[in-house]
Amino acid sequence: MEALGRTVGVDVGGTFTDLFFYDEAERRFRTAKVPSNRGDEAVGFMGGLTTFGPVSELSSIVHGTTVGTNALLERKGARIGLITSRGFRDVLEMRRRDRRHTWGLWGDFEPVVDRDLRLEVAERTHADGTVVTAIDPEEVMAAAQALAAKGAQALAIVFINAYANPANEQAALAAAAAAWPNANIACSSQILPEIREFERTSTTALNAYLQPVVGSYLEKLDGALQAGGFAGRFHIVQSNGGIMSTATARRLPVRTALSGPAAGVIAAAAIARAAGFPDVITGDLGGTSFDVSLVVGGETALAPQTTIDFGLVVRTPMIEITTIGAGGGSIAHVDAGGLLQVGPHSAGSRPGPVCYGQGGDRPTLTDANVVLGRINAARPIGGKLASLDVEAAKAAILRDVGIPLGLDAHAAAEAIVRVADAKMAGAIRLVSIERGHDPGRFVAVPFGGGGALHVGALIKDVGLKGALVPRYPGVTSALGCVIADIRHDQVQTVNLMLAGLDAAALDRRMVAEAAAARAVVEDAGLAMERIDLVFELDMHYLGQTHTVAVPLPVAVADGTTGVSAGLIRDAFDRAYQASFSRLLPDVPVKIVNLRTAAIGRRPRFDLAALAPGPEASVERARQGTRPVWFAGGWHETAIYARLDLPVGTVVPGPAVLEQPDATTVIDPDLVARVDRLGNVIVERKEGQP
1 MEALGRTVGV DVGGTFTDLF FYDEAERRFR TAKVPSNRGD EAVGFMGGLT
51 TFGPVSELSS IVHGTTVGTN ALLERKGARI GLITSRGFRD VLEMRRRDRR
101 HTWGLWGDFE PVVDRDLRLE VAERTHADGT VVTAIDPEEV MAAAQALAAK
151 GAQALAIVFI NAYANPANEQ AALAAAAAAW PNANIACSSQ ILPEIREFER
201 TSTTALNAYL QPVVGSYLEK LDGALQAGGF AGRFHIVQSN GGIMSTATAR
251 RLPVRTALSG PAAGVIAAAA IARAAGFPDV ITGDLGGTSF DVSLVVGGET
301 ALAPQTTIDF GLVVRTPMIE ITTIGAGGGS IAHVDAGGLL QVGPHSAGSR
351 PGPVCYGQGG DRPTLTDANV VLGRINAARP IGGKLASLDV EAAKAAILRD
401 VGIPLGLDAH AAAEAIVRVA DAKMAGAIRL VSIERGHDPG RFVAVPFGGG
451 GALHVGALIK DVGLKGALVP RYPGVTSALG CVIADIRHDQ VQTVNLMLAG
501 LDAAALDRRM VAEAAAARAV VEDAGLAMER IDLVFELDMH YLGQTHTVAV
551 PLPVAVADGT TGVSAGLIRD AFDRAYQASF SRLLPDVPVK IVNLRTAAIG
601 RRPRFDLAAL APGPEASVER ARQGTRPVWF AGGWHETAIY ARLDLPVGTV
651 VPGPAVLEQP DATTVIDPDL VARVDRLGNV IVERKEGQP
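The opening residue of the sequence shown carries number 1 in full-length UniProt numbering; numbering runs sequentially from there.
Hints listed in this document are in silico derivations from the structure and should not be mistaken for laboratory results. This structure is a prediction, so every number in the text was calculated from the model and none was measured. Heads up, the beta-carbon is just placed ideally off N, CA and C, and yes, glycines get one too. Check before you lean on any hint, since a few could be wrong.
[Stated by the list, open to error] With a straight-line cut-off of 25 angstroms between C-alpha atoms, the simulated DSS-like cross-links for lysine-lysine are: (1) K150 / K460; (2) K423 / K465; (3) K465 / K685.
[To be verified] For each label pair, taking beta carbons as the anchor points, the in silico distance ranges come out as: (4) L405 / S579: 45 to 51 angstroms; (5) P588 / D23: 55 to 61 angstroms; (6) R626 / L430: 45 to 51 angstroms.
Input sequences plus hints: build the corresponding full structure.
In structure tokens form, the structure reads like this:
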């Protein structure tokens, strides 16, 4: 484990690159926000890092990236090949017999692997692990050569029942590697040794689809860092909220599918816990999207798999995040039916909103907020632009929205904001009300460059208890990169009946899995206080198809976990009862998968370090007033430099709190206060519904 050093968290978004610098030894921090350079992210990445001094003086960099997410959503991954068992060429197209459009006689889904790049070879392994037909190395090598000749840049090998015995896959991998021109080659038993052939095939294929894309991106960043003299550790945030080495990210890029949003959720949950709010709904509003996640009891929710887009299923632990296309750069337009739409298309950072004056000519949510006076046109965030062009934004809104709807520019701008607010509220309802949670006991944690602009709507439209705006909302995801734990997850299908369980054999397997996971975490090279090992079983009653996650209250000590059939049965009953409110005592129970996670706990980040200093005062924070549009009219609104407000300050609405990385808008019927950590707590005024 490494000594304390200087760590920088870097979150590259579509519009801005956010950075959080933390000197672990001296316990001091700095933040930065610079424009992203879409297409050559290394420029913005390095530009941000150098604001903290020479890159050579940094000990570690932790990066949250959306490269993998964007490649999947935009279908811009690599051309890949698939070698599979004879008869299973079309698993990716059959999926779970689902269709994008429920009605009709055919679908329009195209897998990430073209059919002519999916080749079959003779092999068969039974579900009990018995190899019935061994592979012919010459046949596999010929298939690999044929796929390379067709232009495949990466190769995935997926054999039926390889989770039960990977011998055929491993032999095929060795044979194919001898003929494959690069390192982008893997088999399913390396990526996901788990039952269910579609999920295993999909995850392995998508991993191959991302390998060249993520690999070249990380290689470019590595090159820029080395040229700058960086000799420390470079890590990537995973979709599960932990971090991994870039070597692991190159091997398992599918685990970065929700990298950027996950870092923000980790930070928001930590900030809310420290502030005394264990139940929160996080909302990350960036330039392109709005990402929502639920935190209950201070803990983030992990899902065993997610669907990035129709048919693109990734089975790896991920923080549950719902994403909609409503960001600051989301383009507003009136559709053919005469309805106002905001998003999902975004102006991004290039050309950006109209008010940026960089060639954008279509109005965005940011343009609407500028026209309504909510964003200070004279002091835009990010530092690149000296000012924003209000008149150009107003003209674009009037042309594309106002005139088609018969509204003046300000009413049209308010309509854009209200439509975007409604979309955000819908996303919050999806993760709260529709899952049985009462929003009245939850607090919103809006962050990202634009989240705090819409704090009032998030509270009132959904009926939330209030909102907590972090001290530095614009760089919350970058902070999450710094405080995230190191984590490595493994899964192995075991297919064991609980009755007659050989507990000693399961114990040996658990100890071996724990040792392998621990070794990956130890290799990360970051300062850690300890490494925790977590075991979980996927179990169900015999005859059921879907499993419940069963945490095991065990730990490795003296080479054993002490697991027993009785302990597993008690844990299963608790988990099943919690999920379904009943048990089936006469039905046999089956253990399907063993899941093991090694978590390297990072040194605790004292969030009190972010709080206002003794020099803060209300007088220093006051910046006068300006007209801001609320609910159909102008209101003379108090403006404050948010970072100069001392602890305990109460700010009644209407008010605007400005800072270099974000703007917080307090509606007329709301009131804000600064808590002991420097967070802004926003609530309804007394007597307001």
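**Asked** What hints, given by number in increasing order, does this structure fail?
**Response** Violated hints: 1, 6; rest satisfied.
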